[in-house]
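Chemist: Work the whole structure out from these sequences, hints included.
Quick mapping for you: the protein sequence lines, in order, are chains X and E. Letter 80 of the first sequence, counting from 1, is numbered 80 in the UniProt record's numbering, and no numbers are missing. Letter 7 of the second sequence, counting from 1, is numbered 7 in the UniProt record's numbering, and no numbers are missing.
I should point out that these hints are in silico values taken from the structure, not numbers from a laboratory. A couple of the hints might just be wrong.
A short list of chain X residues far from chain E (calculated; beta carbon distances all over 10 Å) [claimed, not checked]:
{"hint": "1", "residue": "Gly26"}
{"hint": "2", "residue": "Ser51"}
{"hint": "3", "residue": "His55"}
{"hint": "4", "residue": "Gln56"}
{"hint": "5", "residue": "Glu60"}
{"hint": "6", "residue": "Ile71"}
{"hint": "7", "residue": "Ile79"}
{"hint": "8", "residue": "Gly82"}
{"hint": "9", "residue": "Lys99"}
{"hint": "10", "residue": "Asp102"}
When the alpha-carbon atoms are kept at most 30 Å apart in a straight line, the in silico DSSO-like pairs for lysine-lysine are as follows [stated by the list, open to error]:
{"hint": "11", "chain 1": "X", "residue 1": "Lys37", "chain 2": "E", "residue 2": "Lys40"}
{"hint": "12", "chain 1": "X", "residue 1": "Lys12", "chain 2": "X", "residue 2": "Lys37"}
{"hint": "13", "chain 1": "E", "residue 1": "Lys99", "chain 2": "X", "residue 2": "Lys99"}
{"hint": "14", "chain 1": "X", "residue 1": "Lys12", "chain 2": "E", "residue 2": "Lys12"}
{"hint": "15", "chain 1": "X", "residue 1": "Lys12", "chain 2": "E", "residue 2": "Lys75"}
{"hint": "16", "chain 1": "X", "residue 1": "Lys99", "chain 2": "E", "residue 2": "Lys12"}
{"hint": "17", "chain 1": "E", "residue 1": "Lys99", "chain 2": "X", "residue 2": "Lys12"}
{"hint": "18", "chain 1": "X", "residue 1": "Lys99", "chain 2": "X", "residue 2": "Lys37"}
{"hint": "19", "chain 1": "X", "residue 1": "Lys37", "chain 2": "X", "residue 2": "Lys75"}
{"hint": "20", "chain 1": "E", "residue 1": "Lys99", "chain 2": "E", "residue 2": "Lys12"}
{"hint": "21", "chain 1": "E", "residue 1": "Lys12", "chain 2": "E", "residue 2": "Lys37"}
{"hint": "22", "chain 1": "X", "residue 1": "Lys40", "chain 2": "E", "residue 2": "Lys12"}
{"hint": "23", "chain 1": "X", "residue 1": "Lys75", "chain 2": "X", "residue 2": "Lys40"}
{"hint": "24", "chain 1": "E", "residue 1": "Lys75", "chain 2": "E", "residue 2": "Lys40"}
{"hint": "25", "chain 1": "E", "residue 1": "Lys37", "chain 2": "X", "residue 2": "Lys99"}
{"hint": "26", "chain 1": "E", "residue 1": "Lys40", "chain 2": "X", "residue 2": "Lys12"}
{"hint": "27", "chain 1": "E", "residue 1": "Lys12", "chain 2": "E", "residue 2": "Lys75"}
{"hint": "28", "chain 1": "X", "residue 1": "Lys99", "chain 2": "X", "residue 2": "Lys12"}
{"hint": "29", "chain 1": "E", "residue 1": "Lys40", "chain 2": "E", "residue 2": "Lys99"}
{"hint": "30", "chain 1": "X", "residue 1": "Lys37", "chain 2": "E", "residue 2": "Lys99"}
{"hint": "31", "chain 1": "E", "residue 1": "Lys75", "chain 2": "E", "residue 2": "Lys37"}
{"hint": "32", "chain 1": "X", "residue 1": "Lys75", "chain 2": "X", "residue 2": "Lys12"}
We treat Cβ as the ideally placed atom computed from N, Cα and C, and that holds for glycine.
2 protein chains.
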Amino acid sequence: MNADDSAPLCSKFQWAFTLLGRPWTGMIVRALLNGPKRSKEILQMIPNISSRVLHQRLGELEGAGIVERTIYEEKPVRIEYGLTEMGRTLEPAMDEVQKWADRWCTEN
Amino acid sequence: MNADDSAPLCSKFQWAFTLLGRPWTGMIVRALLNGPKRSKEILQMIPNISSRVLHQRLGELEGAGIVERTIYEEKPVRIEYGLTEMGRTLEPAMDEVQKWADRWCTEN
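Modeler: Below is the structure:
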């Protein structure tokens, strides 16, 4: 931590939390950390998210450069969502959040 | 990462992100990592947050066990907000988010 207690917080930190702090965003990134997925697979990994909200968040993450969409010209067309390098480098942050949750979460 | 791609994500992870993902929450925790603060000091550290929203979030964080409020019986009464042990152990996660933001944020 910076020793200057009253300095305004780094705007990059604010940017990151504004981006990652939207509902479901962290879980979607985590779901993609072990490889690209179809939206149907992501829906299975995240209980309670709706398909509409999932696609909304995937679009935002794509716009931010964290997620990339690959279209496979098969029949039927297959669309997969994966992390960019920017997305993959979120893993240490995701891991630390998981460790903290494991220690402190009292829900089951 | 777990090798089982289709397993539902740990509910603790969801709990942590639901808790930390609310607007400003991450920044408030970060502001308190280097010691207890009065709300006026926190307001100086987080540009754009309103006093009303700050107190709302502080109340939520207190309810979650992350923040504790200490009242000093002075004149005028002094109220400080600090992190509990649960809150302090968020530091590694906060640090990783900061590192990621430093690398990828293109806003100044």
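Chemist: Each hint: holds or not?
Modeler: For each hint, the structure was consulted:
1. Gly26: violated, 4 Å
2. Ser51: Non-interface label stands for Ser51 of chain X: nearest chain E Cβ at 16 Å, farther than 10 Å.
3. His55: Check passes; 18 Å lies beyond 10 Å.
4. Gln56: holds, 15 Å
5. Glu60: holds, 14 Å
6. Ile71: holds, 20 Å
7. Ile79: It holds; Ile79 of chain X is separated from chain E by about 17 Å at its closest Cβ, greater than 10 Å.
8. Gly82: Given a closest Cβ separation of 13 Å, the condition holds.
9. Lys99: violated, 8 Å
10. Asp102: The claim is violated: Asp102 of chain X sits with its nearest Cβ about 6 Å from chain E, within 10 Å.
11. X:Lys37 x E:Lys40: violated, 46 Å
12. X:Lys12 x X:Lys37: holds, 29 Å
13. E:Lys99 x X:Lys99: holds, 18 Å
14. X:Lys12 x E:Lys12: holds, 27 Å
15. X:Lys12 x E:Lys75: Between Lys12 of chain X and Lys75 of chain E the Cα gap is close to 38 Å, so the pair fails against 30 Å, i.e. violated.
16. X:Lys99 x E:Lys12: Between Lys99 of chain X and Lys12 of chain E the Cα gap is close to 10 Å, so the pair holds against 30 Å.
17. E:Lys99 x X:Lys12: holds, 9 Å
18. X:Lys99 x X:Lys37: holds, 24 Å
19. X:Lys37 x X:Lys75: holds, 17 Å
20. E:Lys99 x E:Lys12: Distance of about 24 Å is within 30 Å: holds.
21. E:Lys12 x E:Lys37: Distance of about 29 Å is within 30 Å: holds.
22. X:Lys40 x E:Lys12: Given that 30 Å is the threshold and the Cα spacing comes to 22 Å, the pair holds.
23. X:Lys75 x X:Lys40: holds, 17 Å
24. E:Lys75 x E:Lys40: Within the cut-off at roughly 17 Å; holds.
25. E:Lys37 x X:Lys99: Distance ~27 Å between Lys37 of chain E and Lys99 of chain X Cα, so the pair holds.
26. E:Lys40 x X:Lys12: holds, 22 Å
27. E:Lys12 x E:Lys75: Violated, at roughly 43 Å.
28. X:Lys99 x X:Lys12: holds, 24 Å
29. E:Lys40 x E:Lys99: Between Lys40 of chain E and Lys99 of chain E the Cα gap is close to 27 Å, so the pair holds against 30 Å.
30. X:Lys37 x E:Lys99: holds, 27 Å
31. E:Lys75 x E:Lys37: holds, 17 Å
32. X:Lys75 x X:Lys12: violated, 43 Å
This entry does not satisfy hints 1, 9, 10, 11, 15, 27, 32, going by the numbered hints stated previously.
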